[in-house]
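Visitor: Can you make the complete structure from the sequences, with help from the hints?
Residues in the sequence shown are numbered consecutively from 156, following the working numbering.
Keep in mind the hints are simulated off the structure, nothing from the lab.
Some hints here could point you the wrong way.
As the list claims (entries may be wrong) - Capping the alpha-carbon separation at 20 Å, the derived lysine to aspartate or glutamate pairs in DMTMM-like fashion look like this:
{"hint": "1", "residue 1": "K462", "residue 2": "E433"}
{"hint": "2", "residue 1": "K287", "residue 2": "E217"}
{"hint": "3", "residue 1": "K462", "residue 2": "D519"}
{"hint": "4", "residue 1": "K677", "residue 2": "E644"}
To be verified - Cβ pair distances, simulated, as ranges:
{"hint": "5", "residue 1": "F731", "residue 2": "P322", "range": "21 to 29 Å"}
{"hint": "6", "residue 1": "R385", "residue 2": "E659", "range": "34 to 42 Å"}
{"hint": "7", "residue 1": "D431", "residue 2": "F731", "range": "43 to 51 Å"}
{"hint": "8", "residue 1": "N500", "residue 2": "G631", "range": "25 to 33 Å"}
{"hint": "9", "residue 1": "F731", "residue 2": "N704", "range": "49 to 57 Å"}
{"hint": "10", "residue 1": "N499", "residue 2": "V820", "range": "43 to 51 Å"}
{"hint": "11", "residue 1": "T623", "residue 2": "N354", "range": "41 to 49 Å"}
{"hint": "12", "residue 1": "L345", "residue 2": "A544", "range": "45 to 53 Å"}
{"hint": "13", "residue 1": "S756", "residue 2": "D431", "range": "26 to 34 Å"}
Predicted model, so just to flag it, every value in this text is computed and none were measured.
Backbone N, C-alpha and C define an ideal beta-carbon position, used for all residues, glycine too.
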Amino acid sequence: MTDRLSPCVAASASRGTAFTPRPLVAAIALLCASTANAETLQMDTLQIEDDRLNATAVIDSEEIALHQAHDLKDVFRDTPSVTVGGTTASSEMIYVRGLEDTNLNISVDGASQNGYLFHHSSSFNIEPELLKRAEVQAGPGAADNGPNALGGSIKFVTKDAQDLLEPGETFGGMVKGSTESAADAVKGTLSVYGEVAPNAGLLFSTSARNSDDYRTGGGDEEEGTGGHQRSYFGKFSLLDQGAHSLRISAEHNEDSGIYCTRPNMECQPFNNVKVDTELSRDTYTANYDYKPGSRLVDVHTNVFHTKTELDRTTVSTGAELNADVESYGGDLNNTFRFGPEDMNNRLTLGSDYVYDESSTGSFDEKARNLALYAQHRMTLGTVDLSFGARVDDYKTEYANGETLDDTDVSPNASLNWRVGGGVELFTGYSTAVRGNKGREAILADDGVGVGETLTVEPGLEAETSRSTEVGARWKGNDLLTQRDRAGLEVTYFDTHFDNYITDETVGSETTIYNMEGIVTSKGVEARATYGIGGWDMTLGYLTMDLEDNQGETVVDDMGLGNQTGDRWSLDNRYTFVDPQMTIGWTVTAYERLTDLPDDQSERAGYATHDVYASWVPRDMQDLTLTAGIYNLFDKEYTDQNTYFLEPNSARGITTGAITSPGRDVRLSVAYRF
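Guide: Pasting the structure below:
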C-alpha cells in the first residue's frame with residue numbers, strides 16, 4: 156500500500172496529527188484548485204445554512220443524488236467534520252470530529268435512534284433516496300437540540316409528497332435504476348406520490364439493492380461484504396392547512412447478508428467467521444405544528460417509536476444470537492416571539508422524553524430521560540445571541556437491577572457578531588449530560604448468566620461533555636474579478652468528555668464503571684469556497700487531536716471515538732445551463748497518522764479521486780442520467796476511519812484491517828412520470 160498523496164496535498168504528507176494548520180500548505184492547495192479548472196472538477200458543494208448560532212451544515216437531496224449515494228459514507232463524503240468508518244452498510248459508524256455516533260443525538264424526523272446493538276457493526280442505516288436533507292450540528296449545541304448530544308447531533312429529514320410534485324401536479328412518480336461495478340451491485344427505486352386533498356399529500360417509496368463481495372484496489376475480492384438492502388417508506392403530509400401542519404410516517408429498513416461476525420474487520424477462519432445476518436429498523440413518527448399567526452404561539456410536538464433488531468446465525472455451527480433496542484419518546488415545545496421586531500426575540504420552552512430498552516431475549520436493560528428546556532435567541536444590532544439550559548432527569552436500570560438515577564442542568568450560550576465587510580466572528584459554549592445509557596444490546600446478558608456476576612461501581616456518575624468553539628467567517632464578491640464569489644470559515648473546537656461509562660469482563664465477573672479522567676477532542680476545521688459563473692470550488696480541512704486521560708491518542712475505541720490523520724477535501728464543479736449538465740471532480744486525502752500508542756502501527760496516508768456527471772436531456776426533462784467513477788485510479792488503501800486490529804498470530808489474526816473498495820463505476824437512470 157503506497158503512502159503517496161496527490162500533488163496538491165503532498166506538501167502536507169509528512170506530519171502527524173498536530174492541529175496547527177500551515178498557511179503555506181493551504182495556499183498550495185488553493186493554487187492547485189485554481190489551476191484545475193481545465194478538468195472542470197467537482198466535489199459535493201456543502202451548503203451552510205444561515206443559522207449562525209447553530210452553524211448547521213446541511214446536505215440536501217440534490218447533493219445526495221449527484222453522488223448516487225447508497226449509504227451514509229456517500230451522504231457525508233464532503234462534510235469536513237463528519238467521517239464514516241466501515242466499508243459496507245452493515246459496518247458503518249459515523250464520527251463527528253472524532254467522536255462516535257453512540258455519543259451523538261441522531262434522529263429521523265424527530266425520532267431518536269439510540270439503538271446501540273454491537274460495537275463491531277452499524278446500529279443505524281437509512282435509504283439516502285428518502286432524504287430531503289441531513290443536518291449536522293458539530294459545534295456547541297442548543298438546549299432544544301435534544302438529549303444525549305455529547306458530541307453533537309445529526310438530524311435526518313425525509314421528503315414530503317409536496318417536495319416531489321411539480322407545480323400544477325396532483326400525482327406523480329419516479330422510477331430509478333442504478334449499477335455499481337466494484338460490488339457488481341444493482342439497485343432499483345420506485346416512488347409514487349400525490350395530493351389526496353387540498354394541502355394533503357401521500358408518498359410511498361420502496362428500494363432494493365443487491366451486491367456481491369466488492370473488489371478492492373488491485374482486483375482482490377473482500378469476503379463477507381456482499382449483501383441485500385431493502386427500504387419501505389410511507390408518509391402522509393398535511394401542510395399549512397389553516398394554522399395546522401401534520402406529518403405521519405412509517406419506515407422499514409433492513410440489511411442482510413452473509414457477513415463476518417465482526418463486519419468492520421476482515422473475515423478470519425478462526426475468530427471472525429461468517430454469519431447469516433439481518434439488521435432491521437422500524438421507525439414511526441408523527442409531527443404536528445400549530446401556527447395561528449400570533450407572535451406568542453408557535454407549537455411543535457413530536458411522538459415516535461423505533462425498534463432496531465440484529466439477528467445472526469453462524470454459518471458453520473447454526474448458533475443463533477439476537478438483540479434489539481426499542482425506543483419511545485416525544486417532544487413538545489412552543490416558541491414565543493416578543494419585543495421590538497428588530498430584536499427578533501424568540502424564546503423556546505419545551506420538554507422531551509425518551510425511553511430505551513435493550514434486550515437479548517433473556518435479559519434487558521432500561522433507560523429513560525425526561526427533560527425541561529429553555530432557549531432564547533435574539534438580535535442586538537449586529538450581534539446575534541443565544542442562551543439556554545436543559546434540566547435532564549435520567550435513570551438507567553441495568554440487568555442486575557442496580558440503577559443510575561439523578562438530575563443535572565446543562566447550560567449553553569453562543570454569540571455571532573457581524574463585524575462588517577462580510578466578516579463575522581462567533582463563539583459558543585455548551586454542556587451536555589447522558590445518564591440514560593444501557594450497554595450495547597448484544598452484551599446485555601453479560602454478568603447475569605449462571606455463575607456470572609455483574610457489578611455496578613459504587614458512585615457511578617452520568618457522562619458529561621463541555622464544548623467550546625470560536626471562529627470567524629467571511630463572504631464576499633468581486634475578489635479576483637467582477638461577479639466572482641468567495642468565502643472562508645475557520646473554527647477552533649475543544650470538547651471535554653468526562654465520566655465515560657464502560658464495562659469490563661474478567662472471567663465470570665463484569666463491572667460497569669466510569670473511565671477515569673477526561674477524553675478531549677480539539678482541533679481546527681476550515682472551509683474555503685470560490686466560484687465564478689458556473690464553476691464552484693470548495694476546499695475543506697479538518698485536523699484534530701482525540702486523546703484519553705493519559706494523553707494518548709484514541710484510535711479504534713469502539714463506543715468512544717477514533718483519531719485520523721489530517722483530512723483534506725478538494726471539490727470542483729461546473730454547472731452548464733444548456734445543456735442542463737453538471738460535471739465534477741473530487742479529491743479526498745488523509746495524511747499519515749503517526750502519533751499513536753506504542754502498541755499501534757502507523758496508519759498510511761492516501762488520496763482518492765472521484766469524477767461524476769449528471770445530465771437532463773433538453774427534450775426529455777423528466778429523465779436524469781448520472782454517471783460517476785469513484786476511486787478513479789483504483790487505489791488500494793485502508794480507510795483510516797475503519798477499525799484496525801493489529802495482526803496477532805497467536806489469535807489467528809493474519810491481517811489488521813479491511814481494505815476499501817477499488818474503482819467503482821456507477822451509472823443511474825431516473826425517470827419521473
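Visitor: Quick one: are R385 and E659 within 34 to 42 Å, going by C-beta?
Guide: 37 Å, holds
Visitor: Against the range 26 to 34 Å, how does the distance between the Cβ atoms of S756 and D431 compare: consistent or not?
Guide: 33 Å, holds
Visitor: Does E433 lie within 20 Å of K462 when you go C-alpha to C-alpha?
Guide: 14 Å, holds
Visitor: Holds or violated: the 45 to 53 Å window for the beta-carbon distance between L345 and A544?
Guide: Holds - the Cβ-Cβ distance for L345 and A544, about 46 Å, lies within 45 to 53 Å.
Visitor: Given the range 49 to 57 Å, decide if the beta-carbon distance of F731 to N704 lies inside it.
Guide: 54 Å, holds
Visitor: Are the Cα atoms of K462 and D519 separated by 20 Å or less?
Guide: Given pair K462, D519 holds - Cα atoms ~14 Å apart, limit 20 Å.
Visitor: Assuming the hint says 25 to 33 Å, is it satisfied by the Cβ distance from N500 to G631 or not?
Guide: 30 Å, holds
Visitor: For K287 and E217, compute the direct alpha-carbon distance and say whether it is at most 20 Å.
Guide: 9 Å, holds
Visitor: Using the beta carbons of D431 and F731, state whether their distance is inside 43 to 51 Å or not.
Guide: 48 Å, holds
Visitor: For the pair supplied as a hint, K677 and E644, is the alpha-carbon distance within the 20 Å limit?
Guide: 17 Å, holds
Visitor: Between T623 and N354, does the C-beta distance stay in 41 to 49 Å?
Guide: 44 Å, holds
Visitor: Would you say the C-beta atoms of N499 and V820 sit inside 43 to 51 Å of each other?
Guide: Because 50 Å falls inside the window, the suggested range holds.
Taken one by one, the earlier hints all hold for this structure without exception.
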